[in-house]
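Peer 1: Construct the entire structure; sequences and hints are all you get.
Protein chains: 2
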Amino acid sequence: MTLAPVLQKIDATLPEAIDRLIDLLRIPSISTDAAYRPDCARAADWLVADLAALGFDASSRPTPGHPMVVAHGGSGFGTHLLFYGHYDVQPVDPLSLWTRDPFDPAIEETAKGRILRGRGASDDKGQLMTFIEACRAWKAVHGTLPGKLTIFLEGEEESGSPSLIPFLKANAEELHADVALICDTGLFESRAPAITTMLRGLLGEELTIHAATRDLHSGMYGGLAQNPIHILSKILAGLHDAEGRVQVPGFYDGVTELSDELRSQWQNLAFDHARFLGDVGLSVPAGEQDRTPLEKLWSRPTAEVNGIWGGYTGDGFKTVLPGEAHAKVSFRLVGKQDPFQLRENFRAWVEAQLPADCTVEWKGHGNSPASVMSIDHPAFAACRTALTEEWGIPAAYVGAGGSIPVAGYFKTYLGMDAILMGFAKDDDQIHSPNEKYDLDSFHKGIRCWARVLAKLA
Amino acid sequence: MTLAPVLQKIDATLPEAIDRLIDLLRIPSISTDAAYRPDCARAADWLVADLAALGFDASSRPTPGHPMVVAHGGSGFGTHLLFYGHYDVQPVDPLSLWTRDPFDPAIEETAKGRILRGRGASDDKGQLMTFIEACRAWKAVHGTLPGKLTIFLEGEEESGSPSLIPFLKANAEELHADVALICDTGLFESRAPAITTMLRGLLGEELTIHAATRDLHSGMYGGLAQNPIHILSKILAGLHDAEGRVQVPGFYDGVTELSDELRSQWQNLAFDHARFLGDVGLSVPAGEQDRTPLEKLWSRPTAEVNGIWGGYTGDGFKTVLPGEAHAKVSFRLVGKQDPFQLRENFRAWVEAQLPADCTVEWKGHGNSPASVMSIDHPAFAACRTALTEEWGIPAAYVGAGGSIPVAGYFKTYLGMDAILMGFAKDDDQIHSPNEKYDLDSFHKGIRCWARVLAKLA
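As you go down the protein sequences, you meet chains S and U in turn. Going by the working numbering, the final residue of the first sequence carries number 687, and the count climbs one at a time with no gaps. Going by the working numbering, the final residue of the second sequence carries number 687, and the count climbs one at a time with no gaps.
Check the hints yourself; a few may be wrong.
All copies of an identical chain are treated as equivalent in the list; a pair is satisfied when it fits inside any one copy or across any two copies.
[As the list claims (entries may be wrong)] With a straight-line Cα cutoff of 25 Å, these simulated SDA-like cross-link-like pairs (lysine to any residue) come out:
(1) Lys685 x Gly377
(2) Lys593 x Asp545
(3) Lys593 x Gly511
(4) Lys342 x Gln477
(5) Lys566 x Gly377
(6) Lys674 x Ile425
(7) Lys655 x Asp587
(8) Lys239 x His302
(9) Lys641 x Asp483
(10) Lys369 x Asn498
(11) Lys464 x Gly474
(12) Lys655 x Arg444
(13) Lys464 x Gly511
(14) Lys641 x Ala279
(15) Lys342 x Arg444
(16) Lys464 x Ala279
(17) Lys369 x Ala407
(18) Lys566 x Arg272
(19) Lys593 x Ser326
FYI, nobody ran anything at the bench for these hints, they're computed from the structure.
Peer 2: Here it is, written out as structure tokens:
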């Protein structure tokens, strides 16, 4: 099958592809907030209808949480590919910092080129649509889908994927393919195409420190009654020592050092951490003082407080001595760190620090070990070539600080390696106000998938 | 003028007095939240109308914040009394912990007697109405008010009283009287009548730690970017040492030790701190380990975090590395501690601890030094006798942990001593969900003021 007319079709129909993406972005599919449950179902249905129109046998599959979209299409003796993306998005707070309604996306002209601004534009609706648009252009030119394809889209990626493992287990035979493609990552330093072969895992924990059975008046009780915000602050302050090392006992068990080869490859990337931090108003690398910036981001474990709250947080002042205080804490995991063992160690470490009159209540929020991909399957080389051809820059194998647990699950439950490649840029502001996706990323991304399909189908 | 028929009138008309208080409690006059501004004005107007009906020359006086109510009435050569209370109330969050709508009060029968539940029932609408009801009964029986009275009701007590000092300065001549009565305190251990002669001062501070210019993805930046929640936790964790002593430099400057006489008087009070803490689910005194419980509450300064927030605090989990984190901190002051000097010391202490890439933003929330009353004016003895007669228990001179800055301002700006007496109980849950006022306190309180008026008018 020839590639050139497909690329021409992609170029000629880009405006329609953007319009379709805008339609999908208008659906506020925030998976972590139960209020948006109907919207998640609506996003799934939108994708099923779009895939069915392309000739896929597509369906929305119910789960105890949000539905999975599964679509099968095409045929042939080439590589059977499973493509994964997620249609759910992060919450949008603080809404006041957005320059526009996050669910009324629009194209903006910027100094760096044309962008599409809206929640999910980059993470991950814009990225998953690059693959679907490549299939659409192929079908329009050649009349058929390019080989045997399975498309698998999740709706709970931003909320810990509670239904994913049960679904993979229950549908392992149907979902098995030769290799998986996962489009939820970015360009290295916003410029060089990259395949991510190393991903940090994640453990999320939420704790509530309880003291008095009710909120107290700080004048009437202050100085005599235990203040749970003080206790929580002391515990969180002890999470790191002065050199940035995490203090939970056993935390570094299973952490492996970088191979000399990968260390030298990463040094060649010439990561500009000053620019990376400068883009968000920072200048000095925090964290472990004896590690390089790329190590900190890709191959070292971390502990971060993602949220804290307690007492009076509204306008003005209230002299309350609260009965409880809360925090959400996440750990990024590497190598063979065991999230279940860490959960146990963390909880025991906190509990050992509680003074009289304080108790702690726990909520677990998802956990996944780190993933390291094998790159033996020939599809890795094919994808690397496609990326290199489309961008005109050699594609690199890199690590990623964020967790994409599905890559590990595909290996464990479906016996497949996964190729993680995506087109997001560092300033896409994913998970933040004013998320955007460069139209250049969207356009090149579609073209790149067409190249991959031409090689593997 | 005879007292007995007034007391009889009070007993006979208690149901109507309760109904009037319920009317006033229905007005949600939350002064700290701008959304309730019209309700504060409505509460002031309600009081003006009620006082005018009793023959007072009453008016609502505008301020840059909420209005002041000032009423003059009666005549005679006895003691000219100024009565102070406040008609504003605390916020009601968390609303989910209330057993009823906080602004739809009702009488409840409990094992400890009849109570009226609703926001402001005890702090301070129920208390201020005890005095007005005593005046009403006197007028009904004797046809006139009992001597020369000024009633002065504030609407910003729960939000730092920003308009109070300017108003006192501008109206010093009009508001001057022989002695002030302030009804915003309670019974000692919920049983013994008491006059508070020692009040802690207050300094309120709000700080925001800024790091990155926007919220970041903790996977993409975690381990390399500064987390302002970590910085805030470390600072707050260092506020006290292991023995509970506050670590801000100069904090204990101006703190005076208790006189032997007062120490012995307080020992005789046989304060049951186990019961006091046990009522709210606690058992072990926190704070300074070398001080007695009553010292901690009445004569020692404290530092308490009243609120903390940052990052994602909603349902589920969001792996955000926030750009800022916030806290509200208050200090209770004693002796000659200078709130302005402390503010300066606290801010310098925080700023000295900020790492690279972090800045702090400040908001000041009111400040007042501690007050120690002189008890020379004969009205003190008269009030003590009235309390002793009404309760049948000797009234004590006590301290108070909370701040009632107006007592100090009356001394400074109007040259008057203030007699602080009130009828609240420890379990009134002021500033907390499910605030209530015992109808026994309301009834005896009205009768007690009638006794005071008979002695002084």
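Peer 1: For each hint, tell me whether it holds in the structure or not.
Peer 2: Right, here's what the structure says about each hint:
For the homomeric pair lysine 685 and glycine 377, the shortest alpha-carbon distance inside one copy (11 Å) is at most 25 Å, but the shortest distance between copies (101 Å) is not. In this assembly of identical chains, lysine 593 and aspartate 545 lie within 25 Å of each other by CA distance solely across copies; the values are 11 Å between and 29 Å within a copy. Within a single copy, lysine 593 and glycine 511 get their C-alpha atoms only as close as 33 Å, which misses the 25 Å cut-off; across copies the closest is 23 Å, which meets it. Taking identical chains as interchangeable, the C-alpha atoms of lysine 342 and glutamine 477 are never at most 25 Å apart, the minima being 42 Å within one chain and 50 Å between chains.
In the homo-oligomer, the alpha carbons of lysine 566 and glycine 377 never lie at most 25 Å apart, since the shortest distance is 37 Å inside one protomer and 84 Å across protomers. With identical chains, the CA atoms of lysine 674 and isoleucine 425 are at most 25 Å apart within one copy only, with a shortest distance of 15 Å there and 79 Å across copies. Taking the shortest alpha-carbon separations for lysine 655 and aspartate 587, only the inter-copy value of 23 Å comes in at or below 25 Å, while the best intra-copy value is 49 Å. In this assembly of identical chains, the alpha carbons of lysine 239 and histidine 302 lie at most 25 Å apart only when taken from the same copy (23 Å versus 87 Å across copies).
For the homomeric pair lysine 641 and aspartate 483, the shortest alpha-carbon distance inside one copy (23 Å) is at most 25 Å, but the shortest distance between copies (65 Å) is not. Neither within a single protomer nor between protomers do lysine 369 and asparagine 498 lie at most 25 Å apart by alpha-carbon distance, with minima of 40 Å and 92 Å respectively. For the homomeric pair lysine 464 and glycine 474, the shortest alpha-carbon distances inside one copy (16 Å) and between copies (13 Å) are both at most 25 Å. Proximity of lysine 655 and arginine 444 under a CA criterion of 25 Å is satisfied inter-copy only: 16 Å between copies versus 47 Å inside one chain copy.
Proximity of lysine 464 and glycine 511 under a CA criterion of 25 Å is satisfied inter-copy only: 22 Å between copies versus 28 Å inside one chain copy. For a Cα distance limit of 25 Å, the shortest separation of lysine 641 from alanine 279 qualifies neither inside one copy, at 29 Å, nor across copies, at 77 Å. Taking the shortest Cα distances, lysine 342 and arginine 444 sit within 25 Å of each other only across copies (19 Å), while inside one copy they are farther apart (53 Å). For the identical chains of this complex, lysine 464 and alanine 279 are neighbours neither inside a copy (52 Å) nor across copies (52 Å), given an alpha-carbon limit of 25 Å.
For a Cα distance limit of 25 Å, the shortest separation of lysine 369 from alanine 407 inside one copy, 21 Å, qualifies, whereas the shortest one across copies, 92 Å, does not. In the homo-oligomer, the alpha carbons of lysine 566 and arginine 272 never lie at most 25 Å apart, since the shortest distance is 38 Å inside one protomer and 65 Å across protomers. Proximity of lysine 593 and serine 326 under a CA criterion of 25 Å is satisfied inter-copy only: 20 Å between copies versus 29 Å inside one chain copy.
Violated hints, listed in ascending order, are 4, 5, 10, 14, 16 and 18; each of the other numbered hints is respected by the structure.
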